[in-house]
Amino acid sequence: MKVAIIGVGHWGPHLLRNFFNHQSVDGIYCYDINKEQMDAACKKYTEVKTVTHYDDILNNPSVSAVVVATPVTTHFEIAQQALQHGKHVLIEKPLTSTPDHGTKLINTARENNCVLMVDHISVYNSAIRKIKEIIDAGEIGNVMYITTVRTSQGLVQSDTNVVWDLAIHDLAIVDYLLPARPKAVSATGTGHFSKHEDIASVTLFFDTTCIAHLRVTWLSPIKVRHIIIGGTKKTIIFDDTETTAKIKVYNKNFESPSQKTALDSHPHTQLNVYDSPQYDITEPLALVTDEFIQSIEHGRTPLTNGEVGLKIVKILTAVDKSMKKRGATIKLMDR
Numbered sequence: 000m001k002v003a004i005i006g007v008g009h010w011g012p013h014l015l016r017n018f019f020n021h022q023s024v025d026g027i028y029c030y031d032i033n034k035e036q037m038d039a040a041c042k043k044y045t046e047v048k049t050v051t052h053y054d055d056i057l058n059n060p061s062v063s064a065v066v067v068a069t070p071v072t073t074h075f076e077i078a079q080q081a082l083q084h085g086k087h088v089l090i091e092k093p094l095t096s097t098p099d100h101g102t103k104l105i106n107t108a109r110e111n112n113c114v115l116m117v118d119h120i121s122v123y124n125s126a127i128r129k130i131k132e133i134i135d136a137g138e139i140g141n142v143m144y145i146t147t148v149r150t151s152q153g154l155v156q157s158d159t160n161v162v163w164d165l166a167i168h169d170l171a172i173v174d175y176l177l178p179a180r181p182k183a184v185s186a187t188g189t190g191h192f193s194k195h196e197d198i199a200s201v202t203l204f205f206d207t208t209c210i211a212h213l214r215v216t217w218l219s220p221i222k223v224r225h226i227i228i229g230g231t232k233k234t235i236i237f238d239d240t241e242t243t244a245k246i247k248v249y250n251k252n253f254e255s256p257s258q259k260t261a262l263d264s265h266p267h268t269q270l271n272v273y274d275s276p277q278y279d280i281t282e283p284l285a286l287v288t289d290e291f292i293q294s295i296e297h298g299r300t301p302l303t304n305g306e307v308g309l310k311i312v313k314i315l316t317a318v319d320k321s322m323k324k325r326g327a328t329i330k331l332m333d334r
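Per numbering that gives the first Met the number 0, the sequence shown runs over residues 0 to 334.
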């Protein structure tokens, strides 16, 4: 299979490396508007062919799939043309900058019998998949809440806000872990160094009593990747910055008032931790790459398909609306 990568700036070189190493790929084409950047990214891959315009890729019948790793404002135009030329498409997150554009891409992919997939890389984190396995097995009981904190150090961007850049990962994780879908959102945020929010807080409301709180910022001295998932039986603590025990499962450390005795005025704290659950450690982007190729080869729908990407874009759009209204609750359209 021959694959073309459009955009080799920030994320593109990582995609290039993983597609180059995949056994099903026997040829790679590459394009970036910045020729110097493109040449630098491709110089150690002598077999990779560079082109002067992405039309050269679209009009090349030997190219089966196109990977779009360009700024989000260009995703729709490039992906739409690729799909119309019968190319399967993998798009760096987010799918598009608007729900309407996302819907159009899904329809175009369907009309041309093409795979449309979004690189929601956090869903392909082996630890996150293990957490889903634990939840689906009923080990922690019903999920009551999810709290996430995601920070980075000084990576303030000028073309988007911190929700579209960072919180999108946690939105994709929540969507992956929970069968229920959020019905409304409330969000607040502010920008200190540009017109875009660089710190934000997002709350997702569900029909059930479950609630999710997401906290993100670019203005942190340290990198934080932290998730707490509270169940009626047990609680999962996930820290992606840990080098060894990323997942810890705690026994229930609280009791409802009806469970207490008269002599027991405070909940017990039980710090009984499982040995950290074991799971295969594979680079998430390698799993993204393989999911895309396997979906093409076997004609199946990828895990993070266009519909999943559209759900996330709709939530992001609602979050933006809520932030502009200083935390107003915004209902999500049925999907």
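There may be inaccurate statements among the hints.
When the alpha-carbon atoms are kept at most 25 Å apart in a straight line, the in silico SDA-like pairs for lysine to any residue are as follows [claimed, not checked]:
{"no.": "1", "residue 1": "222", "residue 2": "191"}
{"no.": "2", "residue 1": "42", "residue 2": "0"}
{"no.": "3", "residue 1": "43", "residue 2": "72"}
{"no.": "4", "residue 1": "323", "residue 2": "232"}
{"no.": "5", "residue 1": "103", "residue 2": "131"}
{"no.": "6", "residue 1": "233", "residue 2": "143"}
{"no.": "7", "residue 1": "129", "residue 2": "178"}
{"no.": "8", "residue 1": "222", "residue 2": "158"}
{"no.": "9", "residue 1": "222", "residue 2": "232"}
{"no.": "10", "residue 1": "233", "residue 2": "218"}
{"no.": "11", "residue 1": "313", "residue 2": "48"}
{"no.": "12", "residue 1": "323", "residue 2": "63"}
{"no.": "13", "residue 1": "251", "residue 2": "275"}
{"no.": "14", "residue 1": "48", "residue 2": "289"}
{"no.": "15", "residue 1": "194", "residue 2": "100"}
{"no.": "16", "residue 1": "1", "residue 2": "83"}
{"no.": "17", "residue 1": "310", "residue 2": "80"}
{"no.": "18", "residue 1": "1", "residue 2": "63"}
{"no.": "19", "residue 1": "48", "residue 2": "10"}
{"no.": "20", "residue 1": "310", "residue 2": "61"}
{"no.": "21", "residue 1": "232", "residue 2": "105"}
{"no.": "22", "residue 1": "313", "residue 2": "100"}
{"no.": "23", "residue 1": "103", "residue 2": "144"}
{"no.": "24", "residue 1": "323", "residue 2": "204"}
{"no.": "25", "residue 1": "131", "residue 2": "112"}
{"no.": "26", "residue 1": "320", "residue 2": "48"}
{"no.": "27", "residue 1": "232", "residue 2": "191"}
{"no.": "28", "residue 1": "330", "residue 2": "316"}
{"no.": "29", "residue 1": "222", "residue 2": "195"}
{"no.": "30", "residue 1": "182", "residue 2": "247"}
{"no.": "31", "residue 1": "232", "residue 2": "277"}
{"no.": "32", "residue 1": "222", "residue 2": "12"}
{"no.": "33", "residue 1": "232", "residue 2": "304"}
{"no.": "34", "residue 1": "232", "residue 2": "141"}
{"no.": "35", "residue 1": "131", "residue 2": "284"}
{"no.": "36", "residue 1": "194", "residue 2": "231"}
{"no.": "37", "residue 1": "247", "residue 2": "289"}
{"no.": "38", "residue 1": "1", "residue 2": "231"}
Worth flagging that the hints you see were computed from the coordinates, not collected in a lab.
Do the hints match the structure? See the list:
| no. | hint | in the structure |
| --- | --- | --- |
| 1 | 222 x 191 | 19 Å, holds |
| 2 | 42 x 0 | 21 Å, holds |
| 3 | 43 x 72 | 29 Å, violated |
| 4 | 323 x 232 | 38 Å, violated |
| 5 | 103 x 131 | 31 Å, violated |
| 6 | 233 x 143 | 10 Å, holds |
| 7 | 129 x 178 | 16 Å, holds |
| 8 | 222 x 158 | 21 Å, holds |
| 9 | 222 x 232 | 30 Å, violated |
| 10 | 233 x 218 | 32 Å, violated |
| 11 | 313 x 48 | 37 Å, violated |
| 12 | 323 x 63 | 42 Å, violated |
| 13 | 251 x 275 | 16 Å, holds |
| 14 | 48 x 289 | 21 Å, holds |
| 15 | 194 x 100 | 24 Å, holds |
| 16 | 1 x 83 | 18 Å, holds |
| 17 | 310 x 80 | 22 Å, holds |
| 18 | 1 x 63 | 6 Å, holds |
| 19 | 48 x 10 | 19 Å, holds |
| 20 | 310 x 61 | 32 Å, violated |
| 21 | 232 x 105 | 39 Å, violated |
| 22 | 313 x 100 | 11 Å, holds |
| 23 | 103 x 144 | 34 Å, violated |
| 24 | 323 x 204 | 19 Å, holds |
| 25 | 131 x 112 | 30 Å, violated |
| 26 | 320 x 48 | 43 Å, violated |
| 27 | 232 x 191 | 41 Å, violated |
| 28 | 330 x 316 | 11 Å, holds |
| 29 | 222 x 195 | 20 Å, holds |
| 30 | 182 x 247 | 29 Å, violated |
| 31 | 232 x 277 | 20 Å, holds |
| 32 | 222 x 12 | 22 Å, holds |
| 33 | 232 x 304 | 32 Å, violated |
| 34 | 232 x 141 | 8 Å, holds |
| 35 | 131 x 284 | 19 Å, holds |
| 36 | 194 x 231 | 41 Å, violated |
| 37 | 247 x 289 | 28 Å, violated |
| 38 | 1 x 231 | 49 Å, violated |
Checked against the numbered hints given earlier, the structure breaks hints 3, 4, 5, 9, 10, 11, 12, 20, 21, 23, 25, 26, 27, 30, 33, 36, 37 and 38 and satisfies all the rest.
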